[in-house]
Amino acid sequence: MFAFILRRLAQSILVMAVVSAIAFSLFNFVGDPVNNMVGQDATREDRVRIRQELGLDDPVLTQYVRFLGNAVQGEFGLSYRIKRPVDQLILERLPATLELVLVSAVIALVLGITAGVYTGIQRNSWFSRFILSSSLVGVSLPTFIIGIALIYIFAVYLRWLPSSGRGGVVDLGWWKTSFLTIDGWRAILLPALTLSLFQTTMILRLVRAEMLEVMQSDFIKFARARGLSERAINFGHALKNTLVPVITIIGINIGGLIAFSVITETVFQWPGTGLMFIQAVDFVDVPIMSAYLCFVALVFVIVNLVVDLMYFAIDPRIRIGAQ
Amino acid sequence: MLLEIKGLDVDFPTRRGTVKAARAVSLTVEPGEVLGLVGESGAGKSTIGNAIMGLLEKPGRVTAGEIVFQGQDIRGLPEDQMKKIRGDKIGMIFQDPQTSLNPLLTIGEQLVETIQKSLGLREKEAEVRAVELLESVGITHAQTRLKAYPHQFSGGMRQRVVIALALAGDPDLIIADEPTTALDVSIQAQILDLIKGLCRSRNLGVIIVTHDIGVIANIADRVAVMFRGEVVETGTVGQVLGAPKHEYTKSLIAAVPRADRKLDRFTSVDYIEGGAKPFQRIDVQTHWLGQAQDLKSPEGTAINVRNLELGFTLKKAIRRKNRVILKAVDDVSFDIREGETFGLVGESGSGKSTVARCIVRLYAPDGGVIRVMGRDLLTDPRAPETRAAKRSLQMIFQDPYSSLNGRMRVMDIVAEPMRSFGLTSGERETRKIVGDLLDHVGLGAEVALRYPHEFSGGQRQRISIARALASRPRILICDEPTSALDVSVQATILNLLKDLQDELGLTMLFISHDLPVIRQMCDRIAVMKDGRICEVSENEALFSNPSHPYTKHLLDLMPRMDLLQPAVA
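For the protein sequence lines, the chains are A and B, in the order given. Final position of the first sequence in our numbering is 323; the numbers increase by one with none missing. Final position of the second sequence in our numbering is 892; the numbers increase by one with none missing.
None of these hints come from the bench; they were simulated from the model. Keep in mind that a hint or two might mislead.
To be verified - With a straight-line Cα cutoff of 30 Å, these simulated DSS-like cross-link-like pairs (lysine-lysine) come out:
1) A/K240 - B/K585
2) B/K447 - A/K240
3) A/K240 - B/K821
4) B/K568 - A/K240
5) B/K821 - B/K852
6) A/K240 - B/K381
7) B/K470 - A/K240
8) B/K406 - B/K381
9) B/K343 - B/K447
10) B/K406 - A/K240
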């Protein structure tokens, strides 16, 4: 178990090293950093001086090591546009994104697993068929269309929910949450639903497929032959066996939710990291872009590590085999 | 009377019409009696077991008849009442212990859950009972084993756990569906003893569903023989196996490989093949297939294997002493003479298939020398002589379902070796020869345009044989070629192999776990255990006078066949 975690950690560090190298190279390949910092009227001497002060004349390797050293401490320099430390900017915006992702992940898991189990067991009922055919919508419609449609129905036509922003936010000092006001909840509903729709359908279909397969297995037949109740069979025996592959996908998807909430945040003008990234791209704000890249990679690495640990918790064949 | 089935009909409506899985089946089981239900695949024997339990797979349903259990007709009982019968009154044991236990729950959890459901005990009491049950099926240290997961048990131990689970509700009738088919001979004997013992001590009625006459001979008191959904013959074991009345039973028993004496061929099993057309044989002497290759081995040995070694790394480690390596093949040496059939026999995990795979170089051995027709296939791999030696070696695999490419027509499957080695003058000749080959193995040339999924297991194995013959081999390696097949089909395939060997003078390496099959097929036999060869001896000598203790042990475990009528000389 311990060796396994160490090995995983080593792999994660390798991934982060590669990503940071790419993030670092952004500075040198996406425009000249000095040009991005100084105004049009800076003199040639000024530019040379700034280059030297920033150490841009040093060998690339030295610069990379310096970048790494700073990155590990969360230092990614100043945003070109806003002239504030990038780590502060990200930390300010992170709560918005994390809360959005949390709510949509919960929606996706609860809806996806319940509907998946239901359609897996009641394979031929009309309600299962209805769920399955409507789930096609979630798979096939792009997020921005769903978002715009939801805004049109609930914000413009019915006027039930706000169309953009975070609504009422309570500042806890280190975290700005929208969970503590009704306004905040009203504001988070539409974007969270939009973000979760694709994940919900994916989890639904996966759980259903796994469920169908497990229900055919010998140990379910044997459980039936012992006269166990339907509830014990469906939830005690079948559901747990469907979870291993489902967790893999859920893990990857939750990483994806955080990384790619960009579109949803744009549609709903949600003040999270995704929106910040898109704005940074518009203005070639390289420090934010590179920091965001590292941040997303870190999220994926951590989520995958957690997924691997969850295998241990769920499947004794992995847990005991490794000891 | 514990169970009486009267005139049971089971239908499976399908798009192509109704399949009658059981027709007018009548059976009885007394307490303390083992009823063997024997038949080949598709005979409907498992259907009977599922019908009794009310667990027929959809869309199957019972359309007529009665299932009277302890005086009550349980056919069509509502689901909630059936639940009380399943497990509490009738227990069921399945074929594959690897898959019949939930891998994510401990043995204890599964037992306690079942005991609580059936007997309504509290958790502590149920646990005590679970320990008693495990002990009664011969599992030691039961208290600690409760916390173990299924994958921590071996196959035989798992089947014991399955039996304990089936007994958890203290049932009066046990239906065992092929309970030992997935197990090794030695384990099989133990499990059968256990079932028989439980039957006697608890006064249980037992229905054993099996395709294996040997199992029936060992355990059953009475037998019912099923053929195409009907019970064709019922009686005591001695009567049915010793003096069968029905034609089907006769041919079924004739198809069972005997260990007591070697026969030239299996006697006629035509009743089962039913209307198979007579083989259109080709005259091998003049045909392409028989045009002998000039490839001759210098010393008359087709294959010689010297000090073969192969290990699989089970656990990797940087330090050598921490590594765990399984010696799959450990210092194995033998010679196969030209024209003989050499048998490799052993239980699963003995390394017999690994040896075959090393010879055809599917695995690269760690050490040792393998010579095929006098040539080491590793030296100078591009030389024409080496290529010829490789071509002279062909393999027939165990599983006829996965060893043929499902996207290729039979024509292309069989023609592939000829095309790849450039053995014919052109496409026209290739097609002609493929047709002849298919005729010769008893399929008929017209099947060339069909795909593998359209064929049964036995027919597919014939396609595999035709494919193996297509490179005009001198040596055939048959790795358990019939263990996935029914007895009657096995008999016809083994007959075919024997005929081909006679006609073409083939050398065969025949691998099997099944001693009677080895007895019928081989000239000389090597017995393998844990990667080593225990003894090599002539067929007759091995069976009449085994020298190695392990061989004796294996021979002792063979199902007794003395009940069967004496073999026709």
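Against the structure, the hints:
| no. | hint | in the structure |
| --- | --- | --- |
| 1 | A/K240 - B/K585 | violated (53 Å) |
| 2 | B/K447 - A/K240 | holds (25 Å) |
| 3 | A/K240 - B/K821 | violated (51 Å) |
| 4 | B/K568 - A/K240 | violated (52 Å) |
| 5 | B/K821 - B/K852 | holds (27 Å) |
| 6 | A/K240 - B/K381 | holds (25 Å) |
| 7 | B/K470 - A/K240 | holds (18 Å) |
| 8 | B/K406 - B/K381 | holds (18 Å) |
| 9 | B/K343 - B/K447 | violated (47 Å) |
| 10 | B/K406 - A/K240 | holds (23 Å) |
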